[in-house]
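Enquirer: The chain contents come next:
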Amino acid sequence: MTTLIVLAVIVIVLVMIVVGIFNRLVALKNRYENGFAQIEVQLKRRYDLIPNLVETVKGYMAHERETLEAVIQARNQASSGLANAASDPGNADAMKKLGAAEGVLGGAVGRLLALSEAYPDLKASQNMQQLTEELTSTENKVSFARQAFNDAVTAYNTYRQSFPAVVFAGMFGHSKDASLLEFDSQAIAQPPKVSFS
Amino acid sequence: MSTHFFENQEAARRQTSRLVFLFGCAVVGIVALLYGLAIVITNLPKTDAYGRVLAIPIEYWQPELLFQVVLATLAVVAGGSLYKTLQLRGGGAIVAESLGGQLIPSDTRDPEARKILNVVEEMAIASGLPTPPVYLLADENGINAFAAGFTPSDAVIGITRGSVHLLTRDELQGVIAHEFSHILSGDMRLNIRLMGTVHGILLIGMIGYFLLRSSMFSGGRRDSRDRSGSVMVMAGFGLMVIGFVGTFFGNLIKASVSRQREFLADASSVQFTRNPAGIAGALKKIGGLDAGSILTSPSAPEASHLFFSNGLRGGLQSLFATHPPLADRIRRLDPSFAGVASASPGVARIQATGAAGFAGSRTPTPLASLPAAPTGSAIQQVGEPTAAHLEYATRLLADLPSAVVAACHEPHGARAVLYALLINRDGDARRRQLDQLATFDEAGLADETRRLLRDIERLDSCVRLPLIDIALPALRNLSRSQYLAFETNVRVLVEADDRIDLFEWTLQRILFAHLRPHFERTASRARHNVHLSKLATECGVVLSVLARFGSAGDAAVRTAFDHGAAQLPGLSLALLPKERAGLPALDEALSRLARADTRVALQLLPACAAAITADGIVSVAQGEMLRAISDTLGAPMPPLLPGQKLF
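Protein chains in written order, with our numbering: chain G, -6 to 190; chain F, -18 to 628.
Do not rely on the hints blindly, as some may be mistaken.
To give a feel for the contact side, a few chain F residues facing chain G, derived at Cβ under 8 Å [stated by the list, open to error]:
| no. | residue |
| --- | --- |
| 1 | V57 |
| 2 | I75 |
| 3 | L459 |
Keep in mind that the hints were calculated from the coordinates and are not lab data. Positions of the beta carbon are idealized from the N, C-alpha and C atoms, including for glycine.
Starting from the given sequences, assemble the full structure and let the hints guide the process.
Expert: So, in structure tokens, the structure goes:
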């Protein structure tokens, strides 16, 4: 009888530890998913601003149609990439695609803004000033939310890989590391090409 | 002062002790049953080597066996309860997520989600609580809501998609006010305890199930272990039955405790909103809706008592219902209610006759006919916001510049708002603070703060605390490392001018009191019953600080202190010298006072108010300070209305 009790107590303690691991994994996953929701709100805000930007710019620089179209296309790409990523935050493939699409969009918008420097009327327009400020501020918010998301993902991955969680993680459906969201910033880093020909 | 708030808290405590008693009874009963089971198992007829049954007289009294049974039961039940309680200490978010809730981002642009967040925000400002994060139960089409948490700092509100879709703004307000009443009256902690204890009993049945399963799988294969196999089956089955009976009584306890608290919350909801039609309309819609208030989440049974209305279908209605019958609740709010729910799409389902037998036993007080709450002093309204506060909160939110509100709703901007609040209006200190700000290494932060500074400096000083309340949910979305940086930065800005003023102190106090539990994984501490006489030193510090900051000149300070001390006749208090009555000393005293339960607040708050009002002048900073002290003592104070007396 006594051995049975001792066994039972040991089993209970073990079960509790395992349930604890399960719960912690779920909590950490929820945290990074909430983090992604935060990014999503800001990115959507940005995608709503961009058509306004294009609309405003259009009147001044009609002959830059290619640039404008590139921006709109990049925006649509990124928007669908976001919808895709939001259904499964942390999925490596979706994060990579979103990151790349965001990089392209960032580059296209950067080029557009650089081009607009050449149009003093446009630069002076209040609408444009307001839009630029909002875009910059949204940009900052996105990067801040992204940092929080990446921190949450790192916390999840670290816990998932540590002992004893690593033994059970696969069993509980946490077999893969969540993926960080990195924006491919090459396009932004490149100086915009302005030709004077 | 005597207010419902403290009476409600007291009632919640009494319920807790009643719960402990009932729970004790349940455990004794379980031990007795288990002992019986153990006697049966140990006295199973034995066969000798030739297969003949040996008749051994049954020994009913086996102290050693009883001892083992008691030990094992206690270990399991206590372990199970403790485990669940510890898990739930993580706060309401854990409960909300286990029910399938998704956090609504505080800067959401979905109009329906925005509406519910606004309603919650108004209610939070009106009651002086930090805005709780709101979780949407997206898969639930019934009308229901809940509040969960251990303390107001970790409370969350959950609401079903059905409610958001189907309820009008007034009805939502009624429901949310009902949930805030649960937060304010200490019901949440009681509810969490209920979940924990019932879980402990549930565990016994689960072990039985586990034993039964495992013996089913291993049994029948090996003949030599046939006997031990059948013992296992028996033990497993017995445990399951006992566990079931235990859970049965556990649910009974849960339901009976919960039912009584619901009427109270309904009544408070009307008091907060002065609009019985709101909450009554929501209840009527539940009655008229096919999905009613039913929840589909598999975790719903465990949390059934947290909800706004019955979340489970059918069963022994009156005995197990965690909520009073719908018709009864409606009739208390709207005496003219004839029993046919009408207000919403769907079929009327409440039958007046069905509930009449129960309702006939006592005459319900029609809340609609209660007089409007008189405007009392700030201290009388602790934990009891009135419709005037709600109106004040609504107007305050509407008057705030939209850029500031938008910033408060998102983590990046929320920090900038708090930094901007800390920046001095003029002079050397301001320049130093702005310089400091530029050194914080986050992109665009200094710009954002400067941009908001223009708006924030134009704001009336009495909206500064509500701004913190609004910003809190967004700040919880910081990652841990972002939070640590934020904490340091706030400190740097506060100390930039080498002195801490009252407002800076109040801001830090309120901000970190609510954020720290979330980020530092320190379980929220339960408050204990400590007699005020043991806290005389702390009370002395609090009154001394209030007197010294509120009055100039030794005589005035002395008068203020004496006014306060007169409210605490049982204690011998001494005015502390200036160097021992600074804000750091106050911080230390308050962190000790924070461990005592709200009875201390009941006595100490009038003393504080007396000390502040002794000179007949109450500055905004003093009012804010009193609210911060009140908040620390677990007694949330609604915002001070213009021209309102403190005490």
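Enquirer: Next step is simple, just say for each hint if it's right about the structure.
Expert: How the hints compare with the structure:
At its closest, the beta carbon of F/V57 sits 6 Å from a beta carbon of chain G; the interface hint therefore holds under the 8 Å criterion. With a least beta-carbon distance of about 7 Å to chain G, the hint placing F/I75 at the interface is held under the 8 Å criterion. With 8 Å as the threshold, the beta carbon of F/L459 comes within range of chain G, its nearest partner Cβ sitting at about 6 Å, so the hint holds.
Going down the numbered hints, you'll see the structure goes against none, and every one checks out.
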